Amino acid sequence: MALLEIKNLHAEVDGKKILNGVDLVVKKGTVHAIMGPNGSGKSTLSYVLAGKPGYTVTEGDVLLDGESILGMEPDERAAKGIFLAFQYPLEIPGVASMTFLRTAVNAQRKRRGEPELSTPEFMKRVRWMAEKLEIEPEMLRRAVNVGFSGGEKKRNEVLQMSMLEPRLAILDETDSGLDIDALRIAADGVNRLRSPECSMIVITHYQRLLDYIVPDVVHVLSKGRVVKTGGKELAHELEARGYAEYQDDAAA
Amino acid sequence: MPAVQETVDQVRRIDVDKYKYGFVTDIESDKAAKGLSEETVRFISAKKGEPEWMLQWRLEAFRHWQTMREPKWARVHYPPIDYQDLYYYSAPKKKKSLKSLDELDPEILRTYEKLGIPLREQEILAGVERPDGTRSRVAVDAVFDSVSVATTFQKELKQAGVIFMPISEALREHPDLVRKYLGTVVPATDNFFATLNSAVFSDGSFVYVPPGVRCPMELSTYFRINEKNTGQFERTLIIADKGSYVSYLEGCTAPSRDENQLHAAVVELIAHDDAEIKYSTIQNWYPGDKEGKGGIYNFVTKRGECRGARSKISWTQLETGSAITWKYPSCILRGDDSRGEFYSIAISNGRQQVDSGTKMWHFGKNTTSRIISKGIAAGRSNNTYRGLVTTSRGATGARNFTACDSLLIGDKAGAHTIPYIEAKNSKAVFEHEATTSKISDDILFYCRQRGLSAEEAVALVVNGFVKDVLQQLPMEFAVEAQKLISISLEGSVG
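The listed protein sequences derive, respectively, from chains A and B. Numbering (numbering that gives the first Met the number 0) for the first sequence: 0 to 251. Numbering (numbering that gives the first Met the number 0) for the second sequence: 0 to 493.
Think of the hints as simulated: they come from the structure by calculation, not from any bench. Errors might be hidden in some of the hints.
Here are the simulated lysine-lysine pairs, BS3-like style, with alpha carbons at most 27 Å apart [said to hold, decoys possible]:
| hint | chain 1 | residue 1 | chain 2 | residue 2 |
| --- | --- | --- | --- | --- |
| 1 | B | K437 | A | K51 |
| 2 | B | K437 | B | K289 |
| 3 | A | K152 | B | K466 |
| 4 | A | K123 | B | K466 |
Computed from a predicted structure; not experimentally measured.
Make the full structure from the sequences, and use the hints.
What follows is the structure, encoded as structure tokens:
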């Protein structure tokens, strides 16, 4: 069954058209990779799905479980299970990572009418997940992303994702800025979340990440449209041949 | 720090746009005639049964006040105040002096209960539980309009030798002590508002901690303006004798009224050798409505003197209320090696105007001071930090560190920083840091993507911004303070 349906999605930022009719269906429990050259609209697509202010949908629709999410606030979408792992996670001075996690988890649970997690229960989960992601407890006491290395920031994103248990996780270039060890740790964290209950959209430039997070479907995005869809082998083809031919396709 | 979630819950429960403390208590009161004259001053002094010298002191202040002009240098704007159109004294009517809380007008007791301030000792005894399992104990002095209505824990404090009572009572019971110290830090002629206060102050708290005594509990005063058209002029005097320690907290609220009300208090602190005074304020006077109608004019003079060597005075303030705030808690560092600290969070929203900061006068050798100021401006408010750090020629080895951070919410608020720094000797070291930032849309989006509402996101970011100052508040009040911050910022994001 389709979890997410993107239908003929057109969107613009500051009056500039970025998405020009994206069609995409993500089934429950599947992992989709979206690849494409710089400026093809990958990040824009992720922001539009998450509801970032300033990203205006001019045509088309996005359905989650058959319900349009375009009229929903970002926090409403989050509570419905949409999670975006940011390419550049933001810093929040003075707010401990642990506090942030707890506030987020409970805000979502509350909105869904679920009881808040008790402190011991919450702590137990955080500690377990953090250990798996090789995140030191000391890091959880530090302010969110302040003074974190690139790798720490990305692992912190994966930790948030693990705690929030999304139904649709969008990973925007989670591999950028990571060395090979950090990439493996982050990818392991993501793979741990793979389940029939969690679908993923993995946005990346490179095949490298997809060696670790093996996708079910690969899409090529170019000039704001999906120009090719295939299996995981498509990523290998792209790695070998580049994006040139798809850029021409889209232009034609 | 799960309090953040609590904060948010608290905000949810409260009807937004409504000042929580805006109710009026219906009690009979005993007022002086409207207006200000020598008669008024004599009336107040007689009501209090004061000694003759006190009356003379007041009258001198009043005569001097008549020669003074209202200061205009602050970055605040308000229509002229008609000082003859105010009541200078209002007291809840009572038949005789109270022997116990049970004799207190139940309406007043209910008011404090509504405010969340337990006056009844058993409630205080049952108070906030600390992580280490002990219960907190806070002695409370409640000031209702012009008089103190109840002071708790008198007996326990007496055993420790600590004097904590309304200043009017202290004038009767310890006149020599009061006379020795009153006006020695803020002279009766100090400034327009302080001089006015010297003439007409009606009540406030008096604290004396004898040598070597560590005050066994937090002391606290809650001020409440209830009557219409009434100014509140309280006077607080705290003396920490050699080697003693005391922590004191004041809280302030008032009903929501359309007209502006004047609050002109004076606080004097004196720390002798090796003594320490920690003074905290949670100021939540009615700020006026969204359009700037009503609200308290908070024109307050607070000053502490580190009179003895190695003494320390620390001011911590959380300013969220008042239509206009004009307030500069200061330290005179006279004793060698003495230390002054000022930690401030000033939040303005709606049409509030804040001009606040501190002064640190370094007179003694090797004196140090530290200023951490966090200003948060939302709505159409204006928030100014004004500070003075100065050394005398002899204050060799003086050191100051100042950090002023401003946070803007929205695009119609103003933040201003006006530091004055005067180093009159070459051996002083002063450092000044200042930042101004805005809560960026990107941070808000990041928080909201994680499931926080816009208001929850702002509350979280602001709590992070003020964290290092919040930590300076006594623990009993930190949670309350955090809630207050969120409430003050209600409606600041659109």
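Cross-check of the supplied hints:
1. K437/B <-> K51/A: holds, 18 Å
2. K437/B <-> K289/B: Holds, because 21 Å separates the two Cα atoms, which is no more than 27 Å.
3. K152/A <-> K466/B: Given that 27 Å is the threshold and the Cα spacing comes to 22 Å, the pair holds.
4. K123/A <-> K466/B: With a Cα-Cα distance of about 26 Å, the restraint between K123/A and K466/B holds, given a limit of 27 Å.
Comparing the model with each numbered hint stated earlier shows that all of them hold.
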